[in-house]
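Model the full assembly from the supplied sequences, consistent with the hints where possible.
This is what each chain is made of:
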Amino acid sequence: MSSTPASPLRLAVALDGTGWHPASWREQVARPRDLFTAGYWADLIAEAERGLLDFVTLEDGLGLQSSHYGELDGRTDQVRGRLDAVLTAARIAPLTRHIGLVPTVITTHTEPFHISKAIATLDYVSSGRAGLRVQISARPHEADHFGRRTFPPLSLQELQTPAGQQRLTEHFDEAADHVEVVRRLWDSWEDDAEIRDVTTGRFIDRDKLHYIDFEGSHFSVKGPSITPRPPQGQPLVTALAHQTVPYRLVARQADVGYVTPHNTEDAREIVAEIRAEQERAGRADELLHVFGDLVVFLDDDQAAAEDRRARLDALAGEPYSSDARIFAGTPAQLADVLQELGESGLSGFRLRPAVAGHDLPAITRGLVPELQRRGAFRTAYEADTLRGLLGLGRPANRYAATA
Amino acid sequence: MSKPLKQIHLAAHFPGVNNTTVWSDPEAGSHIEFDSFAHFARTAERAKFDFLFLAEGLRLREQGGKIYDLDVVGRPDTFTVLAALAAVTEHLGLTGTINSTFNEPYEVARQFASLDHLSGGRSAWNVVTSWDAFTGENFRRGGFLPQKERYSRAKEFLATANELFDSWHGDEIVADQATGVFLRDAKAGSFVHAGQHFDIHGQFNVPRSPQGRPVIFQAGDSEEGREFAASSADAIFSRHATLTDGQAFYTDVKNRLAKYGRRNDQLLILPAASFALADTDAEAEELAREVRRQQVSGATALKHLEFVWNRDLSSYDPEGPLPDIDPDVSDNHISKGRAQVRMYRDPLATAREWRELAAANHWSIRDLVIHTGNRQTFVGSPSTIARTINDYVQADASDGFILVPHITPTGLDTFADKVVPLLQEQGVFRTDYEGPTLRHHLGLAHPDEAKASDERAAS
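Which chain is which? The protein sequence lines are A and B, in order. Following UniProt numbering, the numbering of the first sequence begins with 1 at its first residue and continues without gaps. Following UniProt numbering, the numbering of the second sequence begins with 1 at its first residue and continues without gaps.
Simulated from the structure, these hints should not be mistaken for laboratory data. It should be emphasised that the depicted structure is a prediction, and the values quoted were computed from it without experimental measurement. Built from N, CA and C at the ideal position, the CB exists for glycine as well. Some hints here could point you the wrong way.
Unchecked claim - Here are the simulated SDA-like pairs of lysine to any residue, each with C-alpha atoms no more than 25 angstroms apart in a straight line:
id : chain 1 : residue 1 : chain 2 : residue 2
1  : B       : K155      : B       : D221
2  : B       : K187      : A       : E59
3  : A       : K208      : B       : E33
Unchecked claim - Ranges between beta-carbon positions, derived for each pair:
id : chain 1 : residue 1 : chain 2 : residue 2 : range
4  : B       : K66       : A       : G393      : 30 to 40 angstroms
5  : B       : A194      : A       : G393      : 19 to 29 angstroms
6  : A       : A276      : B       : R338      : 31 to 41 angstroms
In structure tokens form, the structure reads like this:
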């Protein structure tokens, strides 16, 4: 058996309901009635693990899904409703052994203290395979679910105006503070803080526990965490980014950023911008992965993939559009695209299966073997932790280092 | 005709952060690794227990301005570990203690509804309240509440969460692939709540879960806590585990149900109980003493005395006599993040009483703390403990017990192997689960059935 010395390409899959196409639930393979059961998610993630993928991300949100950015759409012909992503990941963790589990967490309305211990605990229950994908919510109707703040109406177009950009900047600054608190809390216990010293009766060495004393413009948090430092030290932090403001969050706080280039030129520019921001943030010497996001329709021949896409568009009543590039074709063609994009500085990809029940198996049974044949993907899991799979070391504890 | 035998309910409290947990025992394992939780949960399920119970603490305890280091420190996130335990068990109920002060109803409701879906209907919520600014320092909402408002917030929090759980009725998801109708109703999950503590509206995004709502526990012992339980809870996690205290509490709380239109069997009383189990009663007595000494080291004894004295007593010898000086009765307490200190409402009187006790018995500080502290609820051989538990339940001191072993994670193993079979032989404890959900185990109706039966009774 040949082994790849280092995985030149890394692959994640983004799971959302029955798939990313809004009519995906109508496909025979879709199992829409099982969406709210553990078994549905266990089967999908087991399939991803069979394909030796680095990790799966799970979408989430603090309101019903909508085809409009800033408001509910009142539609009844698409999947609506979802389970909490962190809990879903935790439910699947004991059933898997290698694959990383990266649920979405909304930073806008949640407590960083709760999120920090939740992801630390996901890291414990998965033995070092946890991460999170941070997302903001500027949606007024989601703010109304909490009643603590009121956000004015907004649309995707308005986000491009200076006022919209200002609002985005505030949300992402808050997200950066949120992640800072989450990360400090993970370090608030040194690894060897538990001593169980029977002679003195001390369970911990309290000098190895640290107040984080975070003071920001949005909130302050004292610490330490109630949960000891997780197995990976720092679970994986990831974020999706489409423009400068979120690129900055990726550069400041993330281990993996997901971006949406439509060609190699795009990809090169985005990667350059993120690297510049990374340097500005003083992280130039840290490994930061930039993954390309693609929506994929995969079939044995290109016509079949395109036909399937057309059939789903007809069912949906409109052509599917996405922030990410949409690919319809064969696994070999997709492998070509990924390798070409990979030369522009992307170190991996997060694929969004158009129909989870169809395109995920097409990734694991079609694309993965194709990449393996080309020596571009692992043939066995080579590490026990998610950071390990991504070539990220176990970081030193920021508080131990300064002690 | 004699009264029919009551069926006993049993649950397992994970022994983590708790001053009865003996971490110094060679058998004591990790309090944070998932294997410990999985072992504990599987033991409880093997013994056909009703549920597993997790406590909460949102800030590490401090004493004298320093993190308290003598007990187990550190615990996982409750929701996350319960969701993972749902993967390694099939029937066991999963009860999490979740604070109503440092959370928001929308988020907590979707976490419990999700846990209920992911466990096939096994979730339960022990609703607790806090008010201290000390814990609030860990939260962006900061804050805290005036003590008198904590139950009003808790009640409104629970009422709001119930509105969210009930915002989906269970028949909205059609998912008809042929016609393309996913949802029957575009307004599924709609809610409006305008109250003193919460003013929220919109659409909840988790469909109706198998149990409709999680089973609701309440743990407070105050007058307000008892009323809250009588009006809104399915079960009480109480601390009245002796026969006479238990009976008094049981009668008091059950008598409050009628005014809320509820029957006696709609609220279960489940006290926490510790145990020392050995082959013979004599060996169990010896074990009980030994465990008490393990639980109360010299250092722990001094710290415990500080709860009452409210002073730094580190210069005292735990093997020596009690302090001559009186407790500091000012409001600013030396111990933070701990409910226990509120048990001593008159520290001067307690100090006087303890000095007299110690003098009369020639007790050191450590002896005194060992003797005045809680002895194990049940001490004896398997048959003694089985008999005592059954006697207490049949005498209406409780409807069962939430057992708190002192060793993680194996502290329940012997109980499961030796005591449970005796209760099963007596016909007072299930030999197998009779239904899939925690409501089945506890004999509680699904909220929809309960509502329908109330409506029938009223018509």
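Give me the numbers of the hints this structure contradicts, sorted from smallest to largest.
As far as the earlier hints go, 5, 6 are violated by this structure, in ascending order.
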